[in-house]
Amino acid sequence: MPAPQEYVFEHLCIRPLSEGDVDVFMLEGCLDAGNLPEFEATIMKSCNLPGAHVLVDCEGLTHLSSSGIGSFYRLFNACRSNGGAFSICAVPGRIGAVLDLVGLSRVLKPASNRSSAVAQLSAPGATS
Amino acid sequence: MTTQTDQATRAYALEVPGDARSLSLVRSVVGHLSVLAGFEELQASKIEIAVDEACSNILEHGYGDVTPKPPIRVEFEVQANSFCVRIYDQGDPFDFAAHAAPTFPDHWHDGNTRGVGLFLIKECMDEVSYDKSPDQRNCLRMVKMR
Numbered sequence: 001m002p003a004p005q006e007y008v009f010e011h012l013c014i015r016p017l018s019e020g021d022v023d024v025f026m027l028e029g030c031l032d033a034g035n036l037p038e039f040e041a042t043i044m045k046s047c048n049l050p051g052a053h054v055l056v057d058c059e060g061l062t063h064l065s066s067s068g069i070g071s072f073y074r075l076f077n078a079c080r081s082n083g084g085a086f087s088i089c090a091v092p093g094r095i096g097a098v099l100d101l102v103g104l105s106r107v108l109k110p111a112s113n114r115s116s117a118v119a120q121l122s123a124p125g126a127t128s
Numbered sequence: 001m002t003t004q005t006d007q008a009t010r011a012y013a014l015e016v017p018g019d020a021r022s023l024s025l026v027r028s029v030v031g032h033l034s035v036l037a038g039f040e041e042l043q044a045s046k047i048e049i050a051v052d053e054a055c056s057n058i059l060e061h062g063y064g065d066v067t068p069k070p071p072i073r074v075e076f077e078v079q080a081n082s083f084c085v086r087i088y089d090q091g092d093p094f095d096f097a098a099h100a101a102p103t104f105p106d107h108w109h110d111g112n113t114r115g116v117g118l119f120l121i122k123e124c125m126d127e128v129s130y131d132k133s134p135d136q137r138n139c140l141r142m143v144k145m146r
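Chains as they are written, first to last, in the numbering used here: chain A, 1 to 128; chain B, 1 to 146.
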């Protein structure tokens with residue numbers, strides 16, 4: 001069965017696409033406690049596949065709560081546990097400032113845009 | 001939403017259902033009010049983050065599995081040099097004084113993926129206190145100075 005063109009949840013739209021061997025999820029809207037379970041379940045399906053390379057594109061993200069921040073780390077860990085890699089990219093400035101504040105930028109190392117993130121994740125031996 | 005105005009202070013109040021779907025509405029109101037109060041976008045977004053985290057904590061920890069969850073009341077007081085937010089809930093209180101700021105990035109490497117909300121609240125606001133209101137509701141008071 002083909003993957004849906006987009007997932008629409010409360011105040012959040014997720015558009016999946018593939019770039020080479022990288023599963024990209026483009027976010028549009030806010031990520032908070034109101035839609036976190038649906039968001040995490042959607043992305044986690046890819047993160048749980050052995051060796052998966054997963055990228056969350058945050059260009060359209062308008063708000064990220066601390067529950068969403070924790071979710072990013074759980075997705076990162078899931079990919080790492082399964083021998084894959086997880087990254088985020090195109091993080092808007094004020095959201096990036098929050099990630100800096102809680103030290104997660106040092107862990108996730110967000111890329112400035114999708115193409116450079118895909119290049120990093122596609123590099124031989126790329127793991128979280 | 002109620003509004004009260006005098007020469008020195010503008011006061012607003014908002015009561016929303018105890019439901020995570022209310023968070024977006026609360027953020028929207030906070031964002032608008034803080035911009036109207038004259039805060040620049042970055043400072044307004046910090047107030048928005050703090051209020052969002054406070055309401056999220058009430059829903060997740062204060063109200064927990066209670067069904068239906070009681071409402072959350074948010075009161076705003078705009079003064080010449082400050083923006084004060086009081087958030088009232090009827091949930092289990094928490095030990096505000098015992099909260100210790102996490103150390104990052106160790107917090108993540110130790111396997112924690114929660115416990116960041118109150119840290120963000122304190123980082124985003126200039127004053128934060130927690131007490132019981134006269135009618136025994138919990139009250140988180142946060143102030144952002146201009």
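A few of these clues could be false.
What the hints assert, rightly or not - Partial chain B-side listing against chain A, Cβ under 8 Å, derived:
1) R10
2) Y12
3) V16
4) G18
5) A20
6) L23
7) L42
8) I49
9) D52
10) S56
11) H61
12) W108
13) L120
As the list claims (entries may be wrong) - Derived DMTMM-like pairs (lysine to aspartate or glutamate); straight-line CA-CA distance at most 25 Å:
14) K45/A x D110/B
15) K122/B x D100/A
16) K69/B x E40/A
17) K144/B x D100/A
18) K69/B x E10/A
19) K109/A x E123/B
20) K144/B x D106/B
21) K69/B x D100/A
22) K109/A x D65/B
23) K144/B x E123/B
24) K45/A x E10/A
25) K109/A x D95/B
In short, the hints are calculated from the structure, not lab data. Where is the CB? At the ideal position from N, CA and C, for every residue including glycine.
Structure-based check of each hint:
| no. | hint | verdict |
| --- | --- | --- |
| 1 | R10 | 25 Å, violated |
| 2 | Y12 | 21 Å, violated |
| 3 | V16 | 12 Å, violated |
| 4 | G18 | 12 Å, violated |
| 5 | A20 | 4 Å, holds |
| 6 | L23 | 5 Å, holds |
| 7 | L42 | 7 Å, holds |
| 8 | I49 | 7 Å, holds |
| 9 | D52 | 6 Å, holds |
| 10 | S56 | 5 Å, holds |
| 11 | H61 | 11 Å, violated |
| 12 | W108 | 5 Å, holds |
| 13 | L120 | 6 Å, holds |
| 14 | K45/A x D110/B | 24 Å, holds |
| 15 | K122/B x D100/A | 15 Å, holds |
| 16 | K69/B x E40/A | 23 Å, holds |
| 17 | K144/B x D100/A | 21 Å, holds |
| 18 | K69/B x E10/A | 19 Å, holds |
| 19 | K109/A x E123/B | 22 Å, holds |
| 20 | K144/B x D106/B | 29 Å, violated |
| 21 | K69/B x D100/A | 33 Å, violated |
| 22 | K109/A x D65/B | 36 Å, violated |
| 23 | K144/B x E123/B | 11 Å, holds |
| 24 | K45/A x E10/A | 20 Å, holds |
| 25 | K109/A x D95/B | 34 Å, violated |
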